[in-house]
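Asker: Sequence:
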Amino acid sequence: MKRLCLLLAIAFAPAAGAAYKCVDEKGRTHIGDTPPVGCGNVMMYEVTRSGKVLREIPPTMTEEQIRAKAEEDARKKVEAKLAAEQKRKDTALLATYSSEKEFDVVRDRTIEPITGRIRNGQERLKQIDKRTKKVKEELEFYTAGKSRSSRKDAPPTMLTSELERLETEKANIGKNMEGYEKEIEELRAKFEVDKQRWIDIKLRGSGAASA
Numbered sequence: 001m002k003r004l005c006l007l008l009a010i011a012f013a014p015a016a017g018a019a020y021k022c023v024d025e026k027g028r029t030h031i032g033d034t035p036p037v038g039c040g041n042v043m044m045y046e047v048t049r050s051g052k053v054l055r056e057i058p059p060t061m062t063e064e065q066i067r068a069k070a071e072e073d074a075r076k077k078v079e080a081k082l083a084a085e086q087k088r089k090d091t092a093l094l095a096t097y098s099s100e101k102e103f104d105v106v107r108d109r110t111i112e113p114i115t116g117r118i119r120n121g122q123e124r125l126k127q128i129d130k131r132t133k134k135v136k137e138e139l140e141f142y143t144a145g146k147s148r149s150s151r152k153d154a155p156p157t158m159l160t161s162e163l164e165r166l167e168t169e170k171a172n173i174g175k176n177m178e179g180y181e182k183e184i185e186e187l188r189a190k191f192e193v194d195k196q197r198w199i200d201i202k203l204r205g206s207g208a209a210s211a
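Per this note's numbering, the sequence shown starts with residue 1, numbered consecutively.
Rather than coming from a laboratory, the hints here were simulated on the basis of the structure. Warning: the hint list may mix true and false statements.
Mimicking DSSO-like on lysine-lysine, the simulated pairs with C-alpha atoms at most 30 Å apart in a straight line are [to be verified]: (1) Lys-136 with Lys-175; (2) Lys-175 with Lys-76; (3) Lys-202 with Lys-101; (4) Lys-195 with Lys-182; (5) Lys-190 with Lys-89; (6) Lys-126 with Lys-136.
Input sequences plus hints: build the corresponding full structure.
Answerer: Printed below as a string of structure tokens:
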């Protein structure tokens, strides 16, 4: 506590022959060898006896003002961070692509492996449908009473298990393919955004150069 008081005293200690001066909210002037009470809410100045301003002392902030300033500082910090990140991305875009066409080339090259997985999935679905049809026909042989004994025999567990496995695999492939389609859409959108950003940067650069 003593150390804090000492620091405050040093901070507000006027230079030799100096004084504190302010004009309050009502237009009244206050002057003193120590900060006048009426200067708490307005800008205060440390001045020489001749009136020369040595330094400015901002008014004491309220808790609300302190909180508002902290929020504003935090907002500016976030904005500065976002601006720096955007600058980094812009620099990377300019270093990676030299023309609009390159975006389309890289996009298609990136998407191709995904479309390959979709094609493989489609082929596998055809095989599953073909095998499923055959398994169901075999199951019908038992459930419809078409066996040689002319009675309804219980279908082999092997067939029913295989049918379940085929249906599960088909559902999983369908789900995977939906994910692949979504991934392609997201990639197309990302490349389009990057391309438009690249164009904007180039246009701004051209404008600055012509100016």
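Asker: Is Lys-190 close enough to Lys-89, meaning Cα to Cα at most 30 Å?
Answerer: The given pair, whose Cα atoms are some 13 Å apart, holds under the 30 Å limit.
Asker: Between the alpha carbons of Lys-136 and Lys-175, is the straight-line distance 30 Å or under?
Answerer: Satisfied, since the Cα-Cα distance of roughly 23 Å is no more than 30 Å.
Asker: Is the hinted pair Lys-202 and Lys-101 satisfied, with a Cα-Cα distance of at most 30 Å?
Answerer: Between Lys-202 and Lys-101 the Cα gap is close to 14 Å, so the pair holds against 30 Å.
Asker: Holds or violated: are the alpha carbons of Lys-126 and Lys-136 at most 30 Å from each other?
Answerer: Status holds; Cα separation ~15 Å.
Asker: Run the distance test for Lys-195 versus Lys-182: straight-line Cα separation, threshold 30 Å.
Answerer: OK: Lys-195 and Lys-182 at ~20 Å, within 30 Å.
Asker: Mind checking the alpha carbons of Lys-175 and Lys-76 for me, to see if they're no more than 30 Å apart?
Answerer: violated (44 Å)
This entry does not satisfy hint 2, going by the numbered hints stated previously; all others are met.
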